[in-house]
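Novice: In the numbering used here, the protein residues as written are 14 to 154.
Derived DSS-like pairs (lysine-lysine); straight-line CA-CA distance at most 30 Å:
| id | residue 1 | residue 2 |
| --- | --- | --- |
| 1 | 77 | 87 |
| 2 | 87 | 71 |
| 3 | 71 | 55 |
| 4 | 63 | 77 |
Calculated from the structure, these hints are not laboratory results. Source: prediction; values computed, not measured.
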Amino acid sequence: MAVGKTPEKPQQSDDAASEAGGPVQAGSQADAQGSLDDRLRKLESHLAAKGVGVESKKDEQAEKNASSMAQAMKLSSEFIAGIVVGAVLGWFFDRVLGTNPWGLIIFLFLGFGAGTLNVLRTAGYVAESGNNVGEKQQKEK
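Put together the whole structure using the sequences plus the hints.
Specialist: Pasting the structure below:
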């Protein structure tokens with residue numbers, strides 16, 4: 014290399030220029046697209062081999078268990094709430110009307126019935142009040 018001369022840059026191929034962010038000629042764009050597709054397929058196969066991006070059966074089972082647990086907590090809280098509200102109302106009526114222990118007993122049973130009905134409605138075993146099941150079935154046909 015002589016003094017005063019600038020060194021020449023080595024020539025890059027079209028693929029190297031496109032990877033480096035340099036200009037790509039129109040004829041090589043199809044080649045670059047093909048190589049990108051090949052690289053994408055290779056990446057997908059490597060990720061699939063490692064199990065990345067695919068939910069495992071353990072995750073699905075854990076999600077199902079969590080959903081079942083949430084449903085069980087909802088049903089039990091509705092049942093207990095019905096009984097507690099009935100007992101509180103019965104106790105209140107006993108205090109106000111002086112009918113010990115009959116108000117508590119009657120409203121406790123009513124609360125038990127209301128709690129049971131709420132659980133059955135939530136679970137889907139009983140139609141909600143006001144719904145005509147016959148009309149609903151006819152509309153589905």
